[in-house]
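Chemist: Sequence:
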Amino acid sequence: MRTKAIAAVGTTLPWLEIYSPSSSAPELIEVKDFPFTLGRSDECDYKIVSSRVSREHAEIIRTSGGFAIRDLGSTNGTLVNGQRADKSRLGDGDLILIADFELTFRVAGKTEPGRTVTQIMPGEGHAPGEEPEDREENVPLDLIRSVRAQHERLLCRGVRSHFQVLVDLESGQGVGYESLPAPAPGKQAARTSEQLLASTECRLTERMHQLQRLMAAEHAASLPQGELLFLRLEPAEVGADLIPDSLARMQGLSGGKRIVAAIPESAVVDIPYFRDFLARLRHLGLGVAYFGFAGNQHQVIANQELAPNYLLLAPLLARGVDKSTQRQQQIRAIVEAAAQRNTRVVATGVHSEVEAQTCRELGCQLAQGDHYGHAQFAESAAEDLAASSR
Numbered sequence: 136m137r138t139k140a141i142a143a144v145g146t147t148l149p150w151l152e153i154y155s156p157s158s159s160a161p162e163l164i165e166v167k168d169f170p171f172t173l174g175r176s177d178e179c180d181y182k183i184v185s186s187r188v189s190r191e192h193a194e195i196i197r198t199s200g201g202f203a204i205r206d207l208g209s210t211n212g213t214l215v216n217g218q219r220a221d222k223s224r225l226g227d228g229d230l231i232l233i234a235d236f237e238l239t240f241r242v243a244g245k246t247e248p249g250r251t252v253t254q255i256m257p258g259e260g261h262a263p264g265e266e267p268e269d270r271e272e273n274v275p276l277d278l279i280r281s282v283r284a285q286h287e288r289l290l291c292r293g294v295r296s297h298f299q300v301l302v303d304l305e306s307g308q309g310v311g312y313e314s315l316p317a318p319a320p321g322k323q324a325a326r327t328s329e330q331l332l333a334s335t336e337c338r339l340t341e342r343m344h345q346l347q348r349l350m351a352a353e354h355a356a357s358l359p360q361g362e363l364l365f366l367r368l369e370p371a372e373v374g375a376d377l378i379p380d381s382l383a384r385m386q387g388l389s390g391g392k393r394i395v396a397a398i399p400e401s402a403v404v405d406i407p408y409f410r411d412f413l414a415r416l417r418h419l420g421l422g423v424a425y426f427g428f429a430g431n432q433h434q435v436i437a438n439q440e441l442a443p444n445y446l447l448l449a450p451l452l453a454r455g456v457d458k459s460t461q462r463q464q465q466i467r468a469i470v471e472a473a474a475q476r477n478t479r480v481v482a483t484g485v486h487s488e489v490e491a492q493t494c495r496e497l498g499c500q501l502a503q504g505d506h507y508g509h510a511q512f513a514e515s516a517a518e519d520l521a522a523s524s525r
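Read in order, the letters of the sequence shown are residues 136 to 525 in our numbering.
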């Protein structure tokens with residue numbers, strides 16, 4: 136490989152910006168020799184570690200008019216700014232997608248002064264989260280604003296996570312935290328455009344999820360006590376090639392806390408790619424948890440290979456459990472089945488001491504919920520853990 140990483144760019148040669156799942160700052164790769172090949176092979180100028188990338192996937196070439204990228208007959212194709220490209224001219228800022236791997240093409244050059252537009256973001260001129268009551272919702276315009284705001288947050292690492300304490304039900308001691316995305320302030324949280332962007336599977340939201348986990352790991356290092364840090368994955372991220380290595384690198388940032396990959400129960404499937412995903416997580420020393428579980432004991436005991444280290448029950452199971460014989464029987468059966476798989480059961484959504492006591496009597500080992508403290512920024516979460524440990 137002839138790849139050379141550069142700290143700063145001060146030439147007219149182009150370079151590539153690559154965002155790593157374990158860093159919020161881009162890696163800069165100088166494109167010096169032409170053709171500059173990209174692919175999975177060790178012989179390429181830049182090697183991409185992804186099973187979806189062909190051995191020699193694409194190449195960047197110099198043309199009479201500048202630069203271009205040419206697909207080399209790859210299996211999964213090359214996109215430039217969302218358009219499939221067999222051969223396409225490249226300009227500064229063009230987004231290149233090599234199968235499932237994203238790069239930004241950059242080239243220095245003289246630019247003519249142009250007209251600029253200042254877009255006032257929502258809430259400008261008002262207190263945080265406040266907007267005029269008579270403001271009509273304009274979903275297309277609001278979505279553009281939301282996308283721009285998301286880009287700003289990524290650029291400035293403007294992401295903070297909430298942490299909620301996990302408590303050992305037997306001892307009452309805090310054992311760790313779960314990181315949850317901090318909601319947008321005030322009315323912004325309920326906006327249609329925000330909900331639409333958050334539910335969209337795209338590179339922007341993927342980067343935001345990665346940054347949220349990265350920042351959570353960094354913030355967790357300042358949290359006292361607690362051996363565990365649960366980091367949630369989105370359904371679309373389950374099985375992704377880069378996720379296990381990304382989470383493993385975060386263990387070095389979390390102050391010695393063990394990272395637990397929290398997988399939505401709806402994404403758990405008994406197929407080869409999911410089993411391989413779990414095997415990679417475990418091989419790297421990461422814990423595995425399924426959250427949102429509301430099933431029965433047969434699902435818990437069905438497959439030893441898929442058994443997690445932790446099973447987080449859906450909050451609805453704990454809510455008012457002291458008054459529901461049916462849910463008590465359901466939880467007891469789940470706990471007994473989980474014990475056969477060496478899985479620890481976590482009661483979530485616990486709001487009162489009587490709910491906590493009932494879950495303890497039913498065999499749940501850990502608990503989480505507002506009874507032990509609301510999801511808060513790191514500083515307040517540390518106080519909750521200290522209070523629960525007294």
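Hints are not guaranteed to be accurate.
As the list claims (entries may be wrong) - Listed next, with one range per pair, are the computed distances between beta-carbon atoms:
| no. | residue 1 | residue 2 | range |
| --- | --- | --- | --- |
| 1 | T147 | L207 | 34 to 42 Å |
| 2 | A474 | K222 | 54 to 62 Å |
| 3 | A414 | R187 | 42 to 50 Å |
| 4 | Q360 | C291 | 26 to 34 Å |
Derived by calculation from the structure, the hints in this document are not laboratory data.
It should be emphasised that the depicted structure is a prediction, and the values quoted were computed from it without experimental measurement.
Where a beta carbon is used, it is the ideal one built from N, C-alpha and C, also for glycine.
Chemist: Of the numbered hints stated previously, which ones are contradicted by the structure, given in increasing order?
Modeler: 1 and 3
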